[in-house]
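Chemist: Model the full structure from these sequences, guided by the hints.
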Amino acid sequence: MGRGKIVIRRIDNSTSRQVTFSKRRNGLLKKAKELAILCDAEGGVVIFSSTGKLYDFSSSSMKAVDGRYYQWKEEHSPLGHSSSEVQFLQKEVGMLQAQLQNLAEKSPQLGGENLSWLSVQELQNFENQLEMSPSRVRMRKAQWLLCRYRTNPKGTSFIRKCGLVKRKLFLEKSELTQRFMDPGAMDYKLPSDNI
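Start counting the sequence shown at 0; every next residue gets the next number (numbering that gives the first Met the number 0).
Warning: the hint list may mix true and false statements.
Said to hold, decoys possible - List of simulated lysine-lysine pairs, DSS-like, C-alpha gap at most 27 Å:
id, residue 1, residue 2
1, Lys29, Lys4
2, Lys32, Lys22
3, Lys30, Lys72
4, Lys52, Lys30
5, Lys140, Lys90
6, Lys29, Lys72
7, Lys32, Lys52
8, Lys52, Lys29
9, Lys62, Lys32
10, Lys62, Lys29
11, Lys30, Lys62
12, Lys32, Lys72
13, Lys4, Lys30
Everything labelled a hint here was simulated from the structure, so no lab data went into it.
Modeler: Below you can see the structure in the form of structure tokens.
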């Protein structure tokens, strides 16, 4: 004779509910242990009773299982790749801004200051270097985006999100260009001995 089906709903009798909880909890933990052993699977089960008592099982350490779960969830969420890529780009923008600020502090020439001692040829070389830098950066960024697009199955949404970052970078670049190329901000006077 087989077991009869029961209706899955809250058990009203507290004693029966506690007995059922205990039996089913032990069964669930036993199945999790068997699955981990038989299939060489890594897993964990966490159960809190109605009184708040914790029951858990993990095939390795619960911390390792928990960390692996959150890492997998971040990597495989619907927007996981795109948002993590955008976060990476935002971090890179922050680092580049810090480097730019550092270079501007170290070399006032990048800000258009203290250029009066440079000869015309040195000024021309400096200008050429400044003009070529953005094109090198754009080329590297295009290579990186193309590589990511080819390896990412959700490339189109990633490229769209990168467009938002690109617009932000463009606005920041425009602001920096205006600040550094403002005729009032630069000293165009040549020393009298170079005239």
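Chemist: Which hint numbers does the structure go against, in order from smallest to largest?
Modeler: none
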